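**Student:** Read off the chains here:
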Amino acid sequence: MPALEIAGLVHAYGTQRVLEGVDLRLQPGEFAALIGPNGSGKTTLLRCLAGILQPQQGRIAIAGADMRSDTLAAKQRLGFAVDPTLLPNLLTGRQCLELFAGARELGAIPAATLELAEALAFTRWLDHEVQAYSLGTRQKLGILLGLIGEPPLIVLDEPMNGLDPLSAFALKQHLVHLTREHGCAVLLATHALEVAERFISRCVLLLGGRLVQDWDTPALDAIRHDPDTSLEQVMVEALQRFGAPRND
Amino acid sequence: MPTFAAIATLAQMAAYFHPRLQESRRVAGNRLRRLARQWPQTVFHLVAGGALLALVGFGVLHIDGDRIGLVLRLLAEQPLMVGLAFAAFGFAMCRNATLDLLQELHLGWWGAAPVPPAATRRSLHLHALLQTALGNLIVFLVLAGIVALSRHDASWFRPLLAAASSGFWLGSGLGYVVVRRLGRQRRDKLVQQHVSTPLVKLAVLDHPQLPHLADWQRRETLRRWRSGGRNWQFLLLGLLFPTGLLPWQMIGLLLLCIALIWYGLALRSSEDVLVRATQLFAAMPLPFPRFAAGTARYPLFAWICASLLGATGLLLQSAKPAIALAFAAAIGLGSLLSLCLTWRYRHRPGVARVRASAEVLILLLVAYQLPPLAPLLALGLAARHYLVARSLA
Ligand SMILES: Nc1ncnc2c1ncn2[C@@H]1O[C@H](COP(=O)(O)OP(=O)(O)O)[C@@H](O)[C@H]1O
Ligand SMILES: [Mg+2]
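Going down the list, the sequences are from chains A and B. Read left to right, the first sequence gives residues 1 to 248 (this note's numbering). Read left to right, the second sequence gives residues 1001 to 1393 (this note's numbering).
For the record, the hints were derived by calculation from the structure and aren't laboratory data. Here the structure is a predicted model, which is why all the values come from computation and not from measurement. Where hints are given, some of them may not hold.
[Claimed, not checked] Listing some non-contacts, in silico: residues in chain B with all C-beta distances to chain A over 12 Å:
#1 GLN1041
#2 ALA1048
#3 VAL1060
#4 LEU1080
#5 MET1081
#6 ARG1181
#7 ARG1223
#8 LEU1254
#9 ILE1261
#10 ILE1323
#11 ILE1362
#12 LEU1363
#13 LEU1364
#14 GLY1380
[Claimed, not checked] Simulated restraints, written as ranges between beta carbons of each label pair:
#15 A:GLN233 x B:LEU1126: 54 to 60 Å
#16 B:ARG1223 x A:GLN233: 44 to 50 Å
#17 B:PHE1058 x A:LEU86: 44 to 50 Å
[Said to hold, decoys possible] Just some of the chain B residues that point at chain A, by a computed CB distance under 10 Å:
#18 ALA1015
#19 PRO1019
#20 ARG1020
#21 GLN1022
#22 ARG1031
#23 GLY1108
#24 TRP1109
#25 TRP1110
#26 GLY1111
#27 ALA1112
#28 ALA1113
#29 PRO1117
Just so you know, even glycine gets a beta-carbon here, dropped at the ideal spot from N, CA and C.
Isolated chain B, as found in the complex:
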């Protein structure tokens, strides 16, 4: 009898929310079943992931937790700033997530299905609530992790958590309300459009036989940049930005960080476009070296810009020119490795990303122990990946 009651409650629950919720549940179930079916691969991933995690944990244990704690204590003395920053973060997160879900419910495959408006409303509430709770949990875990690392003083923990959490929930709630009001007025306003047209045309970037490929990468970068794809990194920057710097030092640090954030986005977009272009050109008689040359132009250009900007930033902070050069070389080698991996795994981009993280981690360890060996190793790995990529055809 109790099972019948449970089933009845389940059915009521199902009617209480949008069927999209059940869809997610079934998708998750299918994923788990597939993982169980392909168990050798799953076991391998678990072991590899565990090893990587252990490596990261090992690195984290060597971080000076006390120094981060000091920064956070300074931050905790300005609760309003922290609250505002997290409010902005929560607003952006909840607004975008709710907008995406609303768009999917209205324009996706559920668009014409008869779903009671109240069920849709409740599902949107639930989604925003879970999203915010999860975000808050992550903030809590990061701060608690720092408490565990800093062995002395943790008095900053509670005020900082309180300021961050309250700001986060307030911002998130506001973001939710804004989207719901927008959706009630006119549904077509829900479709987010971000212009990807660059302000300045750069025809020199185009490969003579493969025109518009560089432009495609550039537009993808611009679209993501303008739609706020890296806002969370700016938030982090704002949070961790040290006070008490001289003005030009501050400008220098800002330049360096913006260069890095932008370059990260440009590289990532270029690689994603590269993967999509591979699918587009699948049936074209296109020699790989030409494809590689066509897709490397924009990242190369981005690297030059980021190096110049970053090096200027470093020099402004009165770093030695050698350091600025080393900075440019380091990000150049790192992104060369990542790009070669993406060429090699252009049919399986997920593998490229995992391997790139793992190899960069290893390179960092090598650079820590035997500095001169690291660049050689990086070049060797990149060359190997390129050769394999070329042999794939």
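The shape of chain A in the complex, shown without the other chains:
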């Protein structure tokens, strides 16, 4: 059973169509990067598949549970990193984590989450209120909230924004560990191509409301092993080939 299945997804804000028929299927254990220039609709796509936005058309299934007809089961199988701007200012990080653990019926904050907090150098912020956090610290809390309980599909929107290199590396390693050891699928949106290097097993390019290109593991490996080219170069060429994003 695929961890994520999207078919014919269409979403518009008012009359502005942002997604025009997106199809995507992720298997358990895949670590996929969703790339695309600013404003190409990455956030919109992720918010649709997290059940926050309601798409006008299309089907979304998370590990077999349909997002429209079986929302609760679908959301139970999905971890979505919280947008750092939406975090509640007056709670402490620990309180936020406890609330989310409760919503996932976990009783207490799982040890794995606390370990990741340690690896991200977040532990010393756990008992401070969110309003005292810097952008990077907020970002870390949002990620921890998304990863709590290690659900089958993990979705992150620009998670490296504001993270220092050490924390970013720790996060990438943790995500790789989750895909390899726990069979989680990870979908990570980014506009920064270098983030996608090395760790990912798949990469899709969103442009003009569609996924216009899909690199699988062999294709990525071929690019990595070719001394005359790099992932960044290939992706920039693809962006140029498909032209600027359509603004209609």
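Fit chain B with the ligands to the given chain A structure using the hints.
**Tutor:** Relative to chain A, chain B with the ligands alone:
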């Protein structure tokens, strides 16, 4: 053993409602803890608040409760009108509150969390119920307060309370149902959008070196006006509007009240924008007098409009021109004081608001005892606040 049972029930309770409820509980707990930690400040606020309350209570005791009672008795003779007015109030209140909560649950940080739909539904029910009960309690307390003040006749109390409460609950229930139906159809309809584009462009309002600041204040005012931010004041006006006036007197009174309500909103929006602009321009090399001039233009314009409108209203009620002038001067001085305080406390807007209320109260007392001194005192205070504001840089 009973404690275990209690904990189990608590856990079940928690699962019974949306975790947003627990979030509110924890936020309240954090607030209380912070108040306890910063106890000197808390004690000061409590004492100051108590003193202010005593002052207000002293003023209230001198209100002629019998006259309000008379108005309310007249109102009680028209239960349908009262019921309708409160139904409209309840509808607007419950609709907006439920819409805000629904939006927060769907689009906020809980958006992707797995919460059973039944728990969300129950939480929305509970929220609407508590909101309406609280609103009804406030209506009850206000009316009961008037009963306590009016020492003679309180026969109007029960019919009025019955009409107001039943209208309030009916309207509130209707508002709730409307939002829930809207939410079930399409979630994006839940996002409230209010256009802030003014009908007429007023480029003259813009400061040459700080363009669009006045426009920003104006748009904020328009947005709040159009989204019904002052509906409750209109409701109050509708409720307390005296009957038996001549037509032009009625128009005059209406003009005066609308001018006051609108001006209150314009001033408040301008001050809020001023605070946000302070944050926006924090790193700009902007001399304070220029910032002050840029942010004072729209309030000044609003004051001129409100004075003209209000003075016309007063003259229509056959007031003397001197009264109309005094009216314009009074609201001008009051808002000058408030604006200067906001400049002074532009980094701590809460303080500005508390001080503005306190100083206006003192000015009113002074005006009551020594009328000629009040305007001088007001000007002196405003000047002092402006100077402090300028020295802050
Ligand atoms: N709430 C919204 N209302 C209207 N348009 C929006 C909204 N959010 C995003 N958009 C538009 O949708 C497009 C895609 O935005 P987004 O999904 O945030 O892109 P990305 O995350 O790839 O940068 C952009 O053109 C943006 O202007
Ligand atoms: Mg984005």
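**Student:** Hints first: check each against the structure and report whether it holds.
**Tutor:** Hint-by-hint comparison with the structure:
no.	hint	result
1	GLN1041	holds, 17 Å
2	ALA1048	holds, 24 Å
3	VAL1060	holds, 34 Å
4	LEU1080	holds, 41 Å
5	MET1081	holds, 40 Å
6	ARG1181	holds, 16 Å
7	ARG1223	holds, 18 Å
8	LEU1254	holds, 38 Å
9	ILE1261	holds, 32 Å
10	ILE1323	holds, 48 Å
11	ILE1362	holds, 33 Å
12	LEU1363	holds, 35 Å
13	LEU1364	holds, 36 Å
14	GLY1380	holds, 38 Å
15	A:GLN233 x B:LEU1126: 54 to 60 Å	holds, 57 Å
16	B:ARG1223 x A:GLN233: 44 to 50 Å	holds, 48 Å
17	B:PHE1058 x A:LEU86: 44 to 50 Å	holds, 46 Å
18	ALA1015	holds, 8 Å
19	PRO1019	holds, 5 Å
20	ARG1020	holds, 9 Å
21	GLN1022	holds, 6 Å
22	ARG1031	holds, 7 Å
23	GLY1108	holds, 6 Å
24	TRP1109	holds, 4 Å
25	TRP1110	holds, 8 Å
26	GLY1111	holds, 4 Å
27	ALA1112	holds, 4 Å
28	ALA1113	holds, 5 Å
29	PRO1117	holds, 7 Å
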